[in-house]
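A.B. asks: Residue-level listing of the chains:
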Amino acid sequence: MLLNLIAGHDEKDSTSVDIEKKDYTKALKKDVKGLKIGVPKEYFGEGINEEVREKVKEAIKKYEELGATIEECSLDIADEALAVYYIIACAEASSNLGRFDGIRYGYRTKNFKTLKDIYRNSRSEGFGPEVKRRIILGTYVLSSGYYDAYYKKAQKVRTLIRKEFEKLFEKYDVLLTPTSPTVAYEIGTKSNNPLEMYLADLCTVTVNIAGLPGISVPCGVNSKGMPIGMQLIGKPFDEETILRAAYTYEQDTKFRENYKPEFKK
Amino acid sequence: MSREDYEIVIGLEVHSELSTKTKIFCSCPTEFGGEPNTHCCPVCMAMPGTLPVLNEKVVEYAIKAGLATNCEIASISKNDRKNYFYPDLPKAYQISQYDMPLCEHGYIEIEVNGEKKKIGLTRIHIEEDAGKLNHDDYGRGSLVDLNRAGVPLIEIVSEPDLRSSEEVDLYLKKLKSILEYIEVSDCKMQEGSLRADVNVSVRKKGQKEFGTRTEMKNMNSFRSIVRAIDYEAERQIEVLEDGGKIDQETLRWDDVSGKTFPMRDKEDAQDYRYFPDPDLVAIKISEEMKENIRKSLPEMPESRKERYINEYKLPEYDSNILISSKYFSDLFEGATKICNNPKSVSNWIMTDITKELNEKELEPSDIPFTAEELGKLVVLIDKGTISSSIAKKVLDEMFKEPRDPQKIIEEKGWVQISDEGAIKEIVLKIIEANPQSVADFKAGKDKAVGFLVGQAMKETKGKANPQMLNKMFIEELKK
Ligand SMILES: [Zn+2]
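If you read the sequences in order, they're chains A and B.
Residue 1 is where the first sequence starts when you use this note's numbering, and the numbers rise one by one after that.
Residue 1 is where the second sequence starts when you use this note's numbering, and the numbers rise one by one after that.
Bear in mind the hints are in silico, worked out from the structure with no lab data behind them.
From the three backbone atoms N, C-alpha and C, an ideal C-beta is built for every residue, glycine too.
One should not assume that every hint holds.
Below, a list of computed lysine-lysine pairs in the DSSO-like style, where the Cα atoms sit at most 27 Å apart [claimed, not checked]: (1) K82/B / K152/A; (2) K284/B / K21/A; (3) K156/A / K78/B; (4) K156/A / K284/B; (5) K284/B / K163/A; (6) K163/A / K22/A; (7) K132/B / K110/A; (8) K132/B / K113/A; (9) K163/A / K78/B; (10) K62/A / K171/A; (11) K57/A / K29/A; (12) K355/B / K337/B; (13) K217/B / K116/A; (14) K61/A / K235/A; (15) K284/B / K235/A; (16) K442/B / K479/B; (17) K383/B / K412/B.
Only some residues are given here: those of chain B computed to face chain A with a beta carbon under 7 Å [unchecked claim]: (18) A46; (19) L51; (20) V53; (21) N83; (22) F85; (23) A92; (24) D271; (25) R273; (26) P278; (27) V281.
A short list of chain A residues far from chain B (calculated; beta carbon distances all over 12 Å) [unchecked claim]: (28) K29; (29) E72; (30) R162; (31) L168; (32) G214; (33) P218; (34) F237.
Just need the whole structure built from these sequences, with the hints factored in.
C.D. replies: This is how it looks when you write it as structure tokens:
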């Protein structure tokens, strides 16, 4: 229902695409017969938690039972997607966050004598470590002398990734991967290792980079009761197919109705 | 070595505000003035979460400028972000164009000492203007006014083809006139809608490589630019002659002392970290769009000049002055349509109107009255309703409070006295009051008539028809 509301062209956003609006609730049908699902093997290799791999594979089997055709496929460039994502996202963030300079928006330091002090101190005091990390990274990849090696290259690889997906979608209707390589970690446990934190985005950022619709569907819990999700990726603007696939699975397994999360105090 | 052994090399980056109704990425008005921060919205104030939408008119205007300056127009172009911190730049980046400008490889022709010279244009690109800082008078700080933020600009970058301040002056005047003719900018210098960054270097004549250049930013008076170039070239030559070396730096021109100074804040070369703006999409320009814009271009000055010489039989001298500004040219054509007396209109523009503008330090664009009103003024003279000396007073009035000249002469009672009876009455009165002049005339001094006419004009405050006075004095005196 939210998708129905936000879909369509927004004249105040030049990057939104002007295509006909669809009623996505009509896509919620139980039917995956003949649906061709590709499973990129790169998302089931090293770095993926054993329990996650197992649960997602069970879901794949379920789809097979429901009448879908499953085939293993390869997405060589998947490894690069994470790097591409962090270069582009940080570059944009470093520029987008420029406006929080203590002049017009955001926190302003009390400690300044010159204009430069306002900029330097407001931003030093106001931003948290992760934001600073991304601004520094983003500034670096856009700097003269590094732009071509990082930002421009990332944009080129992004195009390659998109093309790679296009090729896969000539053969498949939907691609299926885990949503995250591991289950959620506890708050605060990874903040000292940003790289590991970035790696958790491995599966999901790819769709952002390639401009594809994705949906995460719960498909089980691990031994500690932490939820595991699978991700369905569709062709550009083909939200209907992944919604239908997700709905069919959900209605069949009733996973959500049986899942009673316990929250630690 | 002396001054004559050096060659001056100048390149210009001219920023011109476009006269679109709305700003480049939002629908705020571009109008100059207004209470601070009243012509802005969340987009041009850079509220987090807002997105820019490119104003198509800006692209159209820039392409017009490109076509009028013989540029190649890109089929695909894009917007880039130029990142830097300054309080008048709320987003901390300016949306500009980096490596894919809308227009490239053009030229403007100027006439130097009777010879035509092409000045190359590297590119024309679109960008947004920044806000303005109002420094308060008590030294407590500066206030930011974002009315100008997001006003569309084109930047016109010349090749380093200019060789003297005189050429720069000619180039700027020509460029200004082109932009006025195609109606993309009103080019009001005092409102900052035309500003130039001036790059100056010198080299020995015959030397192939360029010398190290210095840059003077944001200059908004042609006169200052000419002075600054002359001063800066002289300074550079002196430094080189003394065995010194020119630093590549940004200078500030001080109009009062007539000198250039290094900018106080000497940053290392700024890294603007240009990158394509992810909030905007590529600008695609179809052949059809280019053709439509080409067709919409108005008649250019050169063609008007031809017409003035051939159709209106004006001297080339007049024609050149009239086409020097679109406002002159339009005024001339409009007024001539009303009065059908091109030479008289041309004379009024070249003499009295130009004089008035110069005295008040105004530009042709500031002329307050319409072409129709000027045309009517000429009709009043041609019909003999007013004398040309009264017409000058009417023109003064039209500058002060523009209105129909017929109304002005009625209000002021300036209608010329052409009634024979009335003229006769005056003539008799003056003759009676000046027996000495009458005696002089009878003694053969013809000049006495002139004196008497003058007296009569004085008496009538210039309203009497001088030809009639002259004729009637002679008649009466000969009786
Ligand atoms: Zn606005």
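A.B. asks: Does each hint fit the structure? Answer for all of them.
C.D. replies: Do the hints match the structure? See the list:
no.	hint	result
1	K82/B / K152/A	holds, 16 Å
2	K284/B / K21/A	holds, 25 Å
3	K156/A / K78/B	holds, 17 Å
4	K156/A / K284/B	holds, 21 Å
5	K284/B / K163/A	holds, 22 Å
6	K163/A / K22/A	holds, 26 Å
7	K132/B / K110/A	holds, 24 Å
8	K132/B / K113/A	holds, 22 Å
9	K163/A / K78/B	holds, 22 Å
10	K62/A / K171/A	holds, 21 Å
11	K57/A / K29/A	holds, 23 Å
12	K355/B / K337/B	holds, 24 Å
13	K217/B / K116/A	holds, 22 Å
14	K61/A / K235/A	holds, 22 Å
15	K284/B / K235/A	holds, 26 Å
16	K442/B / K479/B	holds, 11 Å
17	K383/B / K412/B	holds, 19 Å
18	A46	holds, 5 Å
19	L51	holds, 5 Å
20	V53	holds, 5 Å
21	N83	holds, 5 Å
22	F85	holds, 5 Å
23	A92	holds, 3 Å
24	D271	holds, 5 Å
25	R273	holds, 4 Å
26	P278	holds, 5 Å
27	V281	holds, 5 Å
28	K29	holds, 34 Å
29	E72	holds, 34 Å
30	R162	holds, 15 Å
31	L168	holds, 25 Å
32	G214	holds, 20 Å
33	P218	holds, 31 Å
34	F237	holds, 16 Å
Every hint from the earlier list agrees with this structure, and none is contradicted.
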